[in-house]
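Number of protein chains: 6
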Amino acid sequence: MKIRIVTPIVTQDFVTPENIREYSDAVGPKHEVSVVSIERGPASIESEYDEALATPEVIGRIREAEQEGFDAVVINCFGDPGLKAGREVVNIPVTGPGEASMHLAATLGHRFSVVTVLDNVLPMLYDEAAVYGVESKLASVRSIDVPVLDLHLDLDDLAAALVNESVKAIEDDGAHVIVLGCTGMTGLSQAVTEGLAEQGYEAPVVDPLIAAIKLARTLVEMDLRHSKKTYPYPPKKEIVGYNV
Amino acid sequence: MKIRIVTPIVTQDFVTPENIREYSDAVGPKHEVSVVSIERGPASIESEYDEALATPEVIGRIREAEQEGFDAVVINCFGDPGLKAGREVVNIPVTGPGEASMHLAATLGHRFSVVTVLDNVLPMLYDEAAVYGVESKLASVRSIDVPVLDLHLDLDDLAAALVNESVKAIEDDGAHVIVLGCTGMTGLSQAVTEGLAEQGYEAPVVDPLIAAIKLARTLVEMDLRHSKKTYPYPPKKEIVGYNV
Amino acid sequence: MKIRIVTPIVTQDFVTPENIREYSDAVGPKHEVSVVSIERGPASIESEYDEALATPEVIGRIREAEQEGFDAVVINCFGDPGLKAGREVVNIPVTGPGEASMHLAATLGHRFSVVTVLDNVLPMLYDEAAVYGVESKLASVRSIDVPVLDLHLDLDDLAAALVNESVKAIEDDGAHVIVLGCTGMTGLSQAVTEGLAEQGYEAPVVDPLIAAIKLARTLVEMDLRHSKKTYPYPPKKEIVGYNV
Amino acid sequence: MKIRIVTPIVTQDFVTPENIREYSDAVGPKHEVSVVSIERGPASIESEYDEALATPEVIGRIREAEQEGFDAVVINCFGDPGLKAGREVVNIPVTGPGEASMHLAATLGHRFSVVTVLDNVLPMLYDEAAVYGVESKLASVRSIDVPVLDLHLDLDDLAAALVNESVKAIEDDGAHVIVLGCTGMTGLSQAVTEGLAEQGYEAPVVDPLIAAIKLARTLVEMDLRHSKKTYPYPPKKEIVGYNV
Amino acid sequence: MKIRIVTPIVTQDFVTPENIREYSDAVGPKHEVSVVSIERGPASIESEYDEALATPEVIGRIREAEQEGFDAVVINCFGDPGLKAGREVVNIPVTGPGEASMHLAATLGHRFSVVTVLDNVLPMLYDEAAVYGVESKLASVRSIDVPVLDLHLDLDDLAAALVNESVKAIEDDGAHVIVLGCTGMTGLSQAVTEGLAEQGYEAPVVDPLIAAIKLARTLVEMDLRHSKKTYPYPPKKEIVGYNV
Amino acid sequence: MKIRIVTPIVTQDFVTPENIREYSDAVGPKHEVSVVSIERGPASIESEYDEALATPEVIGRIREAEQEGFDAVVINCFGDPGLKAGREVVNIPVTGPGEASMHLAATLGHRFSVVTVLDNVLPMLYDEAAVYGVESKLASVRSIDVPVLDLHLDLDDLAAALVNESVKAIEDDGAHVIVLGCTGMTGLSQAVTEGLAEQGYEAPVVDPLIAAIKLARTLVEMDLRHSKKTYPYPPKKEIVGYNV
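Sequence order for the protein chains is P, E, V, C, H and X. Per the numbering used here, the first sequence runs over residues 8 to 251. Per the numbering used here, the second sequence runs over residues 8 to 251. Per the numbering used here, the third sequence runs over residues 8 to 251. Per the numbering used here, the fourth sequence runs over residues 8 to 251. Per the numbering used here, the fifth sequence runs over residues 8 to 251. Per the numbering used here, the sixth sequence runs over residues 8 to 251.
If you're looking for bench data, these hints aren't it; they were derived computationally from the structure. Predicted model, so just to flag it, every value in this text is computed and none were measured. Ideal Cβ positions, reconstructed from N, Cα and C, are used throughout, including at glycine. Don't take every hint at face value.
Cβ-Cβ distance ranges computed for the label pairs, FRET-style [to be verified]: (1) X/Gly248 - P/Lys37: 47 to 55 Å; (2) X/Pro24 - P/Glu209: 38 to 46 Å; (3) C/His38 - H/Asn171: 36 to 44 Å; (4) E/Glu209 - C/His159: 26 to 34 Å; (5) V/His159 - E/His38: 29 to 37 Å; (6) E/Glu245 - P/Lys37: 35 to 43 Å; (7) E/Glu245 - X/Pro24: 53 to 61 Å; (8) P/Glu25 - X/Pro24: 37 to 45 Å; (9) E/Asp163 - V/Gln74: 31 to 39 Å.
Which residues of chain E face chain C? A few of them, derived with a C-beta cut under 10 Å, are [stated by the list, open to error]: (10) Gly116; (11) His117; (12) Arg118; (13) Ser143; (14) Gly181; (15) His183.
In silico lysine-lysine, BS3-like type, Cα no more than 27 Å apart, as pairs [to be verified]: (16) E/Lys37 - V/Lys9; (17) C/Lys37 - H/Lys9; (18) E/Lys175 - C/Lys175; (19) H/Lys9 - H/Lys37; (20) X/Lys9 - X/Lys235.
Based on the sequences and whatever the hints tell you, model everything.
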């Protein structure tokens, strides 16, 4: 099985070698994971605007992956930019961390909260939950007020901030499950779980990109693709200015 | 008052001189309406894919409108491409036909149906309704199976197809109000209303672009802009490949 | 265009000359606005009981307006007394500030809160939101604990109280948009907007009566009337004790 | 226990002696039931308009009942006119057939349908369900197209029409329980149950007025009254033209 | 009328003679109430696990009650163990305190809260509300952190704890009505009502078992049984290890 | 990884050797799958009653699996008997085909339908969807009217019946995705997919047990367990008649 991960930003060092090991581990030993980023778009995604500028090339990368023989594509951003448009242009599974992790979290407990980077994206993530149909399981979306590109600066501080906001989600919003709301937080679910445990909270913490990779693998193994009734191929027509 | 209408496709003759008269009438005599289209993007919008490729330049057009002193922007497509991203980059009202007409229709009767172009866009329009919060007022979304760029070929046939599908919406889905689900249907609300009346149905028929223009005018007059808590300015960052 | 505003209370000086100027401004220069009140009913509306006693004569005023050649009627109370019954008896648009402002607010941001007069009317306004289908966009309804007829006593105090409660709506309930929940607050949206800005909050503040007037104008201009499938003429029958 | 039933119409022979026996049976042997109608209002209730004209005197009758020492009031109309306003003016339970029967039906099976008199009242009854919070249990509202005052003309025809429409509710809308949607249908639940059984359908059929009487008795016996936080006494104020 | 109350636990002294008097009072003088418990199952119900172990014998007790000529069965636990399965095996009404009291509370005010024994059962009771279709009327579920079998230890302390948590439900969650969330609290609704009144809160307090008994009586009197379309007899088949 | 599959019925030949191969394939080569059934309970599950009688021993089997060192448990029935109770008693993941497949299906398209065995279980499956929070994604639940233990009699007939009912779900209910609603249909998803394709429908068909196995594997690999805030250990207490 070959899985392509599309990182929808132009920042080259966003995905670390350690990340790639985690992605590979998620798919398993015999399978191939490859990561590509985009060349046109934003440095990070923290707004509807950023998403909009990332999406055209994400779609291109998804089509390219199918042409190169990949079995599935995973979009490396919690906002799932290009998820629906990308599914239209191919006939292989395309998964997104937002959708995959919210549905996974919905199976893990009564209500879940998403803890994300900035207040900017809160309405966007509530909209995602509405479209994905999991609104009644969503306790809240909260932010730690750290921009995406600063997430890596101090991982201990980051974990502490995530624990802090997760405790508020549990105490004030009734969350029983925590979803990390940015794929730049990959690798931190264990630290947040432990941080919560130190404060007496036993809550599963979902890493969204890993959830999306696992979902992609499951779909490939079950020979499932997204419904072409929901995601039909776009009608052929003139497109100006894009090589897609 | 100066209102800019952004037609998010590269098809130049999509907006007819007659359309422009209708738009001007909608804003009123002392005001200015100007229409621009985009240079990079699809010929028409009939998929998530088309929307995604239209959006970057729509955002640019919205920002440009504010810089040129326009008081509001209206997006000329029922799918509202760039509506949320566009609101982030400016501090003037930005309205969309999908959102404006659905909320207007919700005030006109018990339930409304949207009658649109192709089956392709049905899930997209149900998602719009979910995000706009009007799901409980939406009876159904139906299509007449005519592509956007063929809408103008025979206006009598088009009106007949819209009436036909509207009758099904009324009889089978419980619609009390009809929303035309494509701005390429502008100018047809009266013909559909009359066609329905001939078959014994008295239902208001909403022209979505006119609804969006009226909403833009109302917001300007009331000195209202979209909430910056929902649509904050995007964080400054490197953007590659876009002049926006 | 001639728009009739029906103030559903017997208090004669509730609508000030300054208010009438605002209403006229809202419709625009070439149009006519006239305001009538009722002769039988309550001094103000602050309960289901007050609404019930106001409604019969409101309906009469609505029918009278159509007979006198008015193009639309606006009910001057956030509780929208007589809105649905009034629509049944005429074939011109009838709009209400509660419905018009809630749907307008729903287009302005993620969630809105209504800030109204007394705790008494909270359940009534939550019920309105349920019937209008905007429940998922409503963050909360809050009150400033000032009776309708005391609203005019000190406009600075009133604005301060509205700002104060709006801040709670924003901070505690997640509101991104504020709706003034009584038409006795007409004229204060700017002061509340500024008061919020002084405390660092940038939120649109919707004046509900102006929203209803704008909606009425839009419906007249678009030649739309409320669905007769939702609001059929009442069956003819004996009515005792009412000259309606 | 003394229960007052308020028939909110001016038609004097709407309640038959046989009906009164049924009401008495519903409360039980040692208790008193008395029925009053109104002197100002409509001959029957088949619209929001009719409801609005009935409500003021219904409120008066409710207050009068408390003053005369009644323990509870039941409103004799499925539209529940004056239910909420009436609860505000007294401190005894006030029940309505719409609310009581919908909640009762919700406990009897997966989904229920209401079968009522005329299409006119369909939106009104859907609104009731929304306000009462039972929308997810409501399969549909259907009508037999018979005006209230013609219901008594031929009881066999009436039962047949109710059976006919109930079968459609079961087959087409997924109803498992039927609610008779007009108190003019009191006494027919058994005939409809049997008519359904003859066609092979085993579905409970709820008589709404009896449900409301039973609920009133239960509240009196349990010493429960409606929450004064939801239904506070209306603020004292000038009321013109009503002796309430 | 003969009503059988099934206490789904093996604890013999859970139902006191005083309780039985209350149950009898609830049904009325001429009727018979008898209480049985189970011989296999848990000592009390405070988890899904306890419910699961109680249910098989509850079903047996329900079938037995029908065979012994009882007219209805009431399950004596707020979690309603065996409610749906029990309805399948008989053709007499079976009611549960959770369902009965939540629907009753929904008619008493804007929103209700349930105050129950332990945090353990909170998700279970939220699930009940979802299945019963009253989620939009439910303000919250709260617990007093007292196990079921300790409820009787100090009734004054218990009432004080219930008042304390009810005040939080009113102040913080917007409850207008309180439901006692365990049938081990039977007999305390008056004390909680008075305790709330002492602190200035006027809210109805619903005793759930009494609500379920009243509902059972109403169903018997109205000759209603639960829909066999929702609760068909289970298909005949081999059952090993149960004498049911 | 060791995964235990608990078949909650006493029928020994329900799981075929071919089934076991499919389960093993689903987990992957290096892992162990073992299947156990129960000794006390029903021959098949087609009612709430059957579920209730299966559940106690299912819980025992779940606890046993943890004691025997299994990493996760999968319940082999679409009704998910014992899912929530079982999670309470262990600290390893427990998944169910109903929950797992509905959330998976929700990610595959706009709406999904479940096609199950008998009408009896329809309300039960709608309740499942409500509790799992996926109601807005569920188009319908339909049945083929074949008992569980007859499913294996003629696999071609079975596939044809599933295709037939799936077409109705797509055409009449708006389904874009099909979920097989019984784990006795394991192995048929490909045949149903092909049968649909022959009739011109391209819809993913989800095998629920495989979905549950994949979810279990994912949870083990991600080191996730169900929230102990939702599923706390049951309080210790006397249990009579069960060796659990």
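A quick look at each hint next to the structure:
1. For the pair X/Gly248 and P/Lys37, the beta carbons lie near 49 Å from each other, so the given range of 47 to 55 Å is met.
2. Checked against the hint of 38 to 46 Å, the C-beta distance between X/Pro24 and P/Glu209 comes to roughly 40 Å, which is consistent with it.
3. Distance hint check: the CB atoms of C/His38 and H/Asn171 are about 38 Å apart, consistent with the given range 36 to 44 Å.
4. A beta carbon spacing of about 31 Å between E/Glu209 and C/His159 agrees with the range 26 to 34 Å that was offered as a hint.
5. Taken as a hint, the range 29 to 37 Å holds for the pair V/His159 and E/His38, whose Cβ atoms sit roughly 34 Å apart.
6. Hint check: E/Glu245 to P/Lys37, Cβ distance near 38 Å, so the stated range 35 to 43 Å holds.
7. The supplied range of 53 to 61 Å is met by E/Glu245 and X/Pro24, whose beta-carbon atoms lie about 59 Å from each other.
8. Separation of P/Glu25 from X/Pro24 is about 43 Å and conforms to the stated range, judged on CB atoms against 37 to 45 Å.
9. The hinted window of 31 to 39 Å between E/Asp163 and V/Gln74 holds, with their beta carbons roughly 38 Å apart.
10. Interface hint status for E/Gly116: upheld, as the beta-carbon distance to the closest one in chain C is roughly 8 Å, under 10 Å.
11. A cut of 10 Å between beta carbons decides the hint on E/His117: the least distance to chain C is about 4 Å, and the hint holds.
12. Among the interface hints, the one on E/Arg118 holds; its C-beta lies about 9 Å from the nearest C-beta in chain C, closer than the 10 Å criterion.
13. Hint status for E/Ser143: holds, given a least beta-carbon distance of 8 Å to chain C, under 10 Å.
14. With a least beta-carbon distance of about 9 Å to chain C, the hint placing E/Gly181 at the interface is held under the 10 Å criterion.
15. About 8 Å separates the beta-carbon of E/His183 from the nearest beta-carbon of chain C, less than 10 Å, and the hint is met.
16. A threshold of 27 Å between alpha carbons decides the hint, and for E/Lys37 with V/Lys9 the separation of about 20 Å falls inside it, so the pair holds.
17. At roughly 20 Å between alpha-carbon atoms, C/Lys37 and H/Lys9 fall within 27 Å of each other, so this suggested pair holds.
18. Between E/Lys175 and C/Lys175 the CA atoms are separated by roughly 18 Å; this keeps the pair inside 27 Å, and the hint holds.
19. With a C-alpha separation of about 9 Å, the suggested pair H/Lys9 and H/Lys37 falls inside the 27 Å cut-off, and the hint holds.
20. Straight-line distance between C-alpha atoms of X/Lys9 and X/Lys235 comes to about 22 Å, which keeps the hinted pair within the 27 Å bound.
In summary, this structure violates none of the numbered hints.
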